[in-house]
Amino acid sequence: MRIGIYCGGQNPVLCGSYTFENEIFRALINSDVEGDLTFVLYGHEKEPPTVLPAVPHIEWASLYCSPKNNFLSKVSRLNRKLMNGLSFSKNKAKVLSGHEENIKQFRERHKIDVLWFFGPYGLELDVPYIATVWDLQHRLQPYFPEVSFGTEWNEREKYYETFLRKASFILTGTQVGKTEVEKFYQISSERIRVIPFPTPQMKAEKADFHAKNILEKYKIPNKYLLYPARFFPHKNHANLLLATKLLNEKYGYEFPVVFVGPDAGNQGYIKKLTAELGLNKQVHFLGFVPKEDLQALYKAAFALTFVTFFGPDNLPPLEAFSLGCPVIASKVSGAEEQLGDSALLVDPKDPEHIASAIKNLWEDEALRQNLVQSGYDRAARYTGKHYVKEVFTILREFQAIRRCWQ
364 MRIGIYCGGQ NPVLCGSYTF ENEIFRALIN SDVEGDLTFV LYGHEKEPPT
414 VLPAVPHIEW ASLYCSPKNN FLSKVSRLNR KLMNGLSFSK NKAKVLSGHE
464 ENIKQFRERH KIDVLWFFGP YGLELDVPYI ATVWDLQHRL QPYFPEVSFG
514 TEWNEREKYY ETFLRKASFI LTGTQVGKTE VEKFYQISSE RIRVIPFPTP
564 QMKAEKADFH AKNILEKYKI PNKYLLYPAR FFPHKNHANL LLATKLLNEK
614 YGYEFPVVFV GPDAGNQGYI KKLTAELGLN KQVHFLGFVP KEDLQALYKA
664 AFALTFVTFF GPDNLPPLEA FSLGCPVIAS KVSGAEEQLG DSALLVDPKD
714 PEHIASAIKN LWEDEALRQN LVQSGYDRAA RYTGKHYVKE VFTILREFQA
764 IRRCWQ
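Counting from 364, one number per residue, gives the positions in the sequence shown under this note's numbering.
No wet-lab data here; the hints were simulated from the structure. Incorrect hints may have been included.
What the hints assert, rightly or not - Straight-line distance between alpha carbons at most 25 Å, and here's what the computed SDA-like set of lysine to any residue pairs gives:
#	residue 1	residue 2
1	Lys712	Lys722
2	Lys712	Leu642
3	Lys654	Ala627
4	Lys586	Asp740
5	Lys467	Ala763
6	Lys748	Ala417
7	Lys608	Phe648
8	Lys541	Asp489
9	Lys575	His647
10	Lys409	Arg365
11	Lys748	Glu760
12	Lys644	Pro596
13	Lys694	Asp713
14	Lys748	Glu700
15	Lys694	Val735
16	Lys586	Ala574
17	Lys409	Pro419
18	Lys635	Gly615
19	Lys474	Pro491
20	Lys541	Ser551
21	Lys752	Tyr739
22	Lys634	Phe507
23	Lys546	Phe480
Sequences and hints are given; from them, build the entire structure.
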């Protein structure tokens, strides 16, 4: 069976989506594939990705065409807008219709039996496909502007309603995610499969080496609280700032706070709030940093404070696990399932609760070490190799059905 996978247009600035997709690509390339599964990676670039080795179970197909008619390039930009929380372009119908025709030609030329989409950028097509759902927060928390501004809510709902209902299989990272898909879109439970998100495999040795220099490079003090997140309102930087102020005034602890990530429309407000709270000397805005630096920042941090309002799956806590960085994370729906007892879970709406967790972690070294070890254990349990192995099982199961037509 031949499986088509879109490859290209990944943007490191997208943070979580970029990390997730690269982890699966690496695992796919390095996996031993038994049987007759062949994966055809396709993209609009002329040449295959440089990281793509010559392995028997992977092929490359270029859909490159002139920039004027390069619908795949256009739809790639469209997909990035969706993942950035921005609305679709006004020419969406024209772009997507061109993309569908491009995919149809690709399918016929390369005899594709199934398409596998790693994220929320697939299309409803006349070919079996596997969809991946990261979250459905526009249904759960529609008040956040990034999922509701203008026509955004309607566009998201129309997209998921059509795309998910026609999918052959839907992948979620948690049972909570599966339940949400069933609830909102009335999809058969048998078609929704739970595969825990893989822990990004960070290079601990490199991180150790660079951690020694990272403080000097970015002019930040040690023992800082790290929060790598784009500046969306749902990332909840505001309540972390209020918790930091509480730590100062109530407990006498002045923790440095390091924000990593580019602006997504809310950074100006967060900087203003930082100044109003008198925290300018404590809070450091680093913007986007290279992956190598991010690894070092995890390694040198006192803790990750991931206080987002969104779930059920989040990748930064998993990154922290792999590098021995203790995790304080929001107790959002699905967090207990994803993170277990490897993180201190807090109410993201309550600055006092966030501050108390940070204080407890500072005062209890045994607790901190237990979290570090538990994080390492979770990191080893769910890897990219485990993830693709589960998908291989689904594909082999589907072979008996897919062989019934050409």
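Here's how the hints hold up against the structure:
1. Restraint check: the Cα-Cα separation between Lys712 and Lys722 comes to about 17 Å, which is no more than 25 Å; the hinted pair holds.
2. Our distance criterion of 25 Å between C-alpha atoms is met by Lys712 and Leu642, whose separation comes to about 20 Å.
3. Using a Cα cut-off of 25 Å, the hinted pair Lys654 and Ala627 holds, with the two alpha carbons roughly 19 Å apart.
4. Restraint check: the Cα-Cα separation between Lys586 and Asp740 comes to about 24 Å, which is no more than 25 Å; the hinted pair holds.
5. Restraint check: the Cα-Cα separation between Lys467 and Ala763 comes to about 23 Å, which is no more than 25 Å; the hinted pair holds.
6. Note on Lys748 and Ala417: the hinted pairing holds, with a Cα-Cα distance of about 19 Å set against a maximum of 25 Å.
7. With a C-alpha separation of about 17 Å, the suggested pairing of Lys608 with Phe648 holds against the 25 Å cut-off.
8. Under the criterion of a C-alpha separation no larger than 25 Å, the hint pairing Lys541 with Asp489 is consistent with the structure, at around 24 Å.
9. Proximity of Lys575 to His647 is assessed by CA-CA distance (about 18 Å); at most 25 Å being required, the pair is judged to hold.
10. With a C-alpha separation of about 21 Å, the suggested pair Lys409 and Arg365 falls inside the 25 Å cut-off, and the hint holds.
11. Between Lys748 and Glu760 the CA atoms are separated by roughly 19 Å; this keeps the pair inside 25 Å, and the hint holds.
12. Simply put, Lys644 and Pro596 have alpha-carbon atoms about 23 Å apart, close enough for the 25 Å limit, and the pair holds.
13. A distance of roughly 11 Å separates the Cα atoms of Lys694 and Asp713; the hinted pair therefore holds under the 25 Å criterion.
14. For the given pair, Lys748 sits about 20 Å from Glu700 by alpha-carbon distance, which is consistent with the 25 Å threshold.
15. Using a Cα cut-off of 25 Å, the hinted pair Lys694 and Val735 holds, with the two alpha carbons roughly 19 Å apart.
16. Our distance criterion of 25 Å between C-alpha atoms is met by Lys586 and Ala574, whose separation comes to about 12 Å.
17. Taking the CA atoms of Lys409 and Pro419, the gap is about 21 Å. The hint holds against a cut of 25 Å.
18. Of the pairs offered as hints, the one joining Lys635 and Gly615 holds, with about 23 Å between alpha carbons and a cut-off of 25 Å not exceeded.
19. About 13 Å separates the Cα atoms of Lys474 and Pro491, which keeps this hinted pair within 25 Å; it holds.
20. Between Lys541 and Ser551 the CA atoms are separated by roughly 10 Å; this keeps the pair inside 25 Å, and the hint holds.
21. Distance check on the hinted pair: Lys752 and Tyr739 sit about 21 Å apart at the alpha-carbon level, within 25 Å; holds.
22. Between Lys634 and Phe507, the direct Cα distance comes to roughly 19 Å. Compliance with the 25 Å bound is thereby established for this hinted pair.
23. The hinted pair formed by Lys546 and Phe480 meets the criterion: a straight-line CA distance of about 22 Å does not exceed 25 Å.
Consistency with the previously given hints is maintained throughout, with no hint failing.
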